[in-house]
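**Student:** One letter stands for each residue in the lines below.
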Amino acid sequence: MNFKKAKVINQAKLEKNIQKVVKVNSQCGDCGDCACAEGKIKASNKADCDCAC
Amino acid sequence: MKLFLQSVPLKHKSTFIDQVDNHFLIYNPLSQKGLTVLNQESYFLFSKINNKRTLQDIFKLAKKKDSKINFSDIKKIFNNLYSSQIIYFGKDSLEPKLYKQKLNTPGVWLHLTNQCNLRCTYCYLHKTPGKMSQEIANKAIEKIFKSAQKHNFKQIKFKLSGGEPLLEQKMLFRLVNKIKKLEDKTKIKTIIVIMSNGVLLTPTICKKIKQKKLQVAVSLDGLNKVHDKTRVFVNGRGSFKQVEKGIDNLLKYKVLFNVSVTITSKNIKNIPKLTKYLLEKNIPLVFNFYRENPCVKEELNNQDEKLIFYLKKAYQAIYKNALPYGYIDRLLDRVVASRPHLRPCGMGTNYLVIRHDGKLVNCQMLMEKPIGSINDKDLIDTMIQKDFTKGITVEDKTPCKNCQWKYICCGGCPLLTLEKKGNYNTSTPNCAVYKALIPELLRLEAKRLIKLHKFS
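Heads up: the sequence lines are chains Z and L, in that order.
Take the first sequence: its letter number 34 is residue 34 in our numbering, and every next letter is one higher.
Position in the second sequence (from 1) plus 1000 gives the number in our numbering.
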């Protein structure tokens, strides 16, 4: 085993990085019909999502 | 985080672990950072945590596998595990964070009209000729901005709904202009979403929606005849063809939108096909379960097995076509897995419905139970003080007490529970479905992260 290769992929961290380069249509889905602002990826990181519900 | 040889890493007892594509999915339902995926090396270290071993103990075990490893490597990896909130140290428990959430965007549902050109079989609304006057609309918006300023909110989300709000296009766009003016004046940002049945989304309207930077949520319950079973015009004719055209127009004019799917006994079997159809068009989708309401008794009783079976099939389709945006909060009704929370919805905390006549209600499913009006001094105060569920949280629901998923399901929709079980202070009637599908949802998200990671 080579622990230099150890990887920790975290949802919030990864999306923060991706958000800088990708713009997609995305909703948080909490209320079932909402849409997050400006199409940036926020959907899976509710801590940062401003969704009303 | 400063780590030492004697530091003892801890795992939460509800941590969910599973394997996905040679990786390990780790999900702590108390983490504010969503789920985490580990490869073989990082999982080896994580798996050695038994809430007793020190980092030194784990370092020794790792050394047997890789003689070149040093303690700074261990510290780096454990710091990553810590910042992903899948482990914690000593008194630094994750639990208190759950109670410190601050909701910063009130959601305001503006019910523009009671009229609709469709007669969907499960609709919760009594159709009447009633519609919101310009005077009521203006006052409602002014009062909301005033209240948001007082409560120091930086953003408001408006949902323009009905009935079908696009039946009142002139009023709707006047309202949007008014909102934009107040946004400029108060510096409170807004998000405006039109909740539409999709049949009036002509090229002209879509162009205007795009120009005004509005968003749209369109209802689509199935393909062709399946959609037409429930979503029919007043004369009984199905609406699928028109909705499909409307969706194509939204795509053509690059409007930001999603498709909201209501799952009833009539469309369960078609959900996997519908999912594939939407994936092919790259359209974000949301799954909601039909909720019983006083207007109609559509059936979704005793359908748990079917729901689980067909939703799993739909998830499999998504699994194969992993898209760049998250699914974890929108493919299982009221389940929001990306962060722990105590209440299943914004009722009484940040969600308010303004009826066409200016009366306020807690939720669109409670249209006949006003809690105040736009003449009240502070609309957000009314919303908080007159909460239908009187502030209960999942902690008050005895059957949920020891559930691994309680902070992501929160006992489901309280109104559905009240309707089916006689009180809302207990677990949701969808409990078995949620429990069966939450792990599937997590696997789906893990797959997406692995795919995204390769591109990042």
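No lab work stands behind these hints, which were simulated from the structure alone.
Any given hint could be a false lead.
Below are the EDC-like pairs computed for lysine to aspartate or glutamate, each with C-alpha atoms no more than 16 Å apart in a straight line [claimed, not checked]: (1) Lys1420(L) - Asp1304(L); (2) Lys7(Z) - Asp1073(L); (3) Lys5(Z) - Asp1184(L); (4) Lys1139(L) - Asp1357(L).
**Student:** None of the hints should be skipped; say for each whether it holds.
**Tutor:** Evaluation of the provided hints:
no., hint, result
1, Lys1420(L) - Asp1304(L), "15 Å, holds"
2, Lys7(Z) - Asp1073(L), "12 Å, holds"
3, Lys5(Z) - Asp1184(L), "50 Å, violated"
4, Lys1139(L) - Asp1357(L), "11 Å, holds"
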